[in-house]
Amino acid sequence: MKRLLHMSYLAAGVGGLGFFAMSILLLGVWPGRALQDQIGRTQPQHPPHLTASEQRGRVIYGREGCAYCHTQQIRYVAADVARFGKATLAWETIYDYPHLWGTRRIGPDLSREAGTRPQDWQLSHLYAPRTLVADSVMPAFPWLFAGAPDRPLQEARDLVNYLETLGRNRELVGAEGEAFARMACNCPGDEEKFGFGAGPLNASPAMARRAGAFPKLEAGDAAAGRALYATHCAGCHGVAGLGDGPGAAGLQPKPANLAEREYSGDQIGFVLWNGVAGTSMPAWRDLAAGDLASLAEAVRGFHAAQSEPPIPRAVLDLGARVYTDRCAQCHGRNGGGDGPAAAQFPIAPANFRGRRPSIAASLRAVREGVAGTPMAPWAGELAEAELSAAAYYVRTFFVGDAR
Amino acid sequence: MIKKIRGTLMPESPEAGTPPNVETPLSHAQLVQSHLVYSHGLAALLALLISAGFGLLAAIELVAPDVAGSSPWLTWGRIRYDHTQGIMLGWLGNAFFAFLYHAVPVLTGRRVTSPKLGQWLFGIWNFVIVLPGWVLVLAGYSQPLEWAEFPLVIDAFVVLALLLAAVQFLPPFFSRGLDELYVSSWYIIGGLVFTLFAYPMGNFVPELLPGARGAAFSGLWIHDAVGLFVTPLALAIVYFVIPAATRRPIYSHFLSMLGFWLLFFLYPLNGTHHYVFSVIPMSAQIGAILASSLLGIDVVIVVANLLLSLRGSGWFPRDPALRFVGTGTVIYLIVSIQGSMQAQMAVNQRVHFSDWVVGHSHLAMLGFASFVALGGLVHVWQRIPWARYHAGMIRAGYWLLLAGLVAMVADLTIAGLVQANLWNSSAPWMDSVRAARPYWILRMFTFLPIAGGFLSVMFGLFVGNVGDGLREIEQEIGLEPVAQLAPRIPGEAL
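Chains as they are written, first to last, in the working numbering: chain A, -15 to 387; chain B, 18 to 511.
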């Protein structure tokens, strides 16, 4: 009896350790092999490694606990895919030692952050998050900067460089690589649907688009719009719309001065829905349509109509000649921002049909250029008369609202 | 039908006969290294206050993100790392050691291996692991892995300390002989041995295996930290304190052992439920979800046995140790059933990533583990003849903690549902952050009763009269001085 008892304890001891070994085999080693196999079949050839700077940024990301509020794992779940983009595939994380999946989302998932926001936005946001995103609870990281959002230390650059790698490789494989992975994946229905299905790879509603349809905005409520403006826009564009909010400090180009421009309803609708690609102006298409309409009212409310001085015919003729010679390649013959050279610039040339700068703003832009955009200063190139004539002339393209 | 084999637990008295393999039983005072119980208890409570302080600061920073100024040392991420590592290693680790220095000799009739080793273990645990770990994390040296945030150099010392702990606490069991071992002993052996295996797995493997493959192991460790370290040692306390404080045997020794083996079978198989709907193979996820469901059933068995053993003691026994342990047991049931539920795909899909889970982990680590550890600490404190003790303060602390816990968990659970709802709608992301704000404010204020409770228990153990602990239990139980009492199972049980 006693020996039997001892035997049973021996069996129990072996069994106990066996349980643990089994858990490692079943839930660690075996899934690891299955994943390795899947990665081998689906990964593109030679996905780029992180650079030294990106690798350092990754360490900073880990050190500051970013992964404890931002996941890097889009699940095979409709809500995740709709909000963030295609579900994360195994090969996308092959360089992550250790992984940074995270189990809590206070901020959004960052798996597809690459290309979502421009660098100046990222830096300003790290420096002082609430200047760009009202009510954000993200910690500020001023110790990565030399006192200003546009004076990043190497660590801030590293971190932003790392953020720009999140989802980059999936982006790089393109449709061809995607099709290859899909074929080799042999994954069950849901995984295939969410991992490869139609729809954007990056579903961030903030990502700006150069072109794209937008819904026509109905009439909005100006009072509600002003409240929305105060929450979402004033951080950069300033409470009075002068483009001088606290978030503007580190942004390049500067946020638009809404008071010195007159906008058509369509122009506002386009920008709210699609953002301004190449600048820090994000898209706001995740706001309700009624809210966007109200915001549009608030934005137009900043512009006060001024008495327009009569411009002599001769000046406008000179302006037209200068414009055709110097401006139309980019801004287009009809001022629509769609000249033959427009597409090669990271930021689209201004569309004067949808917005009319004040005389002062127009003169300033022509003389000094617009910092942070391809718009060059023309002060040394053109005579003063030509400059001002062009500045007057571009204001004639404005068509306003068809309504 | 299960044939009940009742374990009986008798006070050590001359009639009870000598325990197996013991020639002349040593007295309690000879057996127990009281100064090690006391010093680990003190370290545990200090670490508890500091770790809770990190938690408070993290809660405040969610409401007022700029409150810590521009100091990298107090940024949310680093504070958050220190909060959980401090709770697991600084508070619970020390509290478990304090309990083991009392329980292992009582359970085995033998001293722990060496008091000298005890001093080394104490020093390494607190001054080479917990304190430097905290400082290194704040200074920016850490590991971004859940329940493994201390940097690798600290992890190496944790493994060393766990080895030392095994050397310190396990030989008494082996020299006593493993047959007729009381269930607490099994949990102690299991907890110490399995943690020794699981800790390196969770802390080192994800550094060696990239991405999804490493995450599979991280998922295991997230659950093993709770399931193979915290739970077994907490249950060892529960199984020890209930019979010792009620002076009645555990209801069923068979159910105890059944629960023990099921727990060690099922707990390690749960881990992948932290990554449901991930790229980890679906069959592994489904297996883990199945194990999670079964684990809920196991906990029902364990807790039924414990609550049946508590029959007649009332919901709020007068002995504060028993009260903490009893409430912790009930919470263990609640949190385990909640865990089984939220592992299910339909639930997990919605509440995962939300404050619901934060509420769940506080219910587990504060409601279950910390209540039980506090109960264990009070229990061993009562039995240190020269320790101060103030029952009223401890009982007041109990009520404050219970109130704070219920408020915080309810608050976070509702917040999680609100967030889940918004995430499943087309609302902008920031709406979920704005909607959480009132809940985060309330959560911040639940710190008042919780901190008050911790302080109150702490005062209860450091003010008051020397020897009041002993006098209280003598009065309560109506038996001879407890210095001579020791739970021990007699030969006829299993």
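Everything labelled a hint here was simulated from the structure, so no lab data went into it.
These numbers were taken from a predicted model, which means no experiment stands behind them.
Glycine is no exception: its CB is placed at the ideal position from the N, C-alpha and C atoms.
Watch out, some of these pointers could steer you wrong.
[Said to hold, decoys possible] Computed spacing ranges between beta-carbons, pair by pair:
#1 B:G86 with A:R348: 54 to 60 Å
#2 A:L9 with B:L311: 14 to 20 Å
#3 B:L180 with A:G158: 50 to 56 Å
#4 A:P32 with B:A183: 30 to 36 Å
[Claimed, not checked] Short, incomplete list of chain A residues facing chain B, as computed with Cβ under 8 Å:
#5 P15
#6 G46
#7 E48
#8 V65
#9 P123
#10 A163
#11 M167
#12 A168
#13 G173
Hints versus structure:
1. B:G86 with A:R348: 54 to 60 Å: violated (39 Å)
2. A:L9 with B:L311: 14 to 20 Å: For B:L311 against A:L9, whose Cβ atoms are near 18 Å apart, the range 14 to 20 Å holds.
3. B:L180 with A:G158: 50 to 56 Å: Given range 50 to 56 Å: holds, Cβ gap about 52 Å.
4. A:P32 with B:A183: 30 to 36 Å: violated (46 Å)
5. P15: Constraint on A:P15 satisfied, holds at 4 Å.
6. G46: holds (3 Å)
7. E48: Holds: closest Cβ of chain B sits about 4 Å from A:E48, inside 8 Å.
8. V65: At 10 Å from the nearest chain B Cβ, A:V65 fails the 8 Å test, so the hint is violated.
9. P123: holds (5 Å)
10. A163: violated (19 Å)
11. M167: Violated: closest Cβ of chain B sits about 17 Å from A:M167, beyond 8 Å.
12. A168: Constraint on A:A168 not satisfied, violated at 14 Å.
13. G173: This hint is violated: A:G173 lies away from chain B, its Cβ roughly 11 Å from the closest one there, beyond 8 Å.
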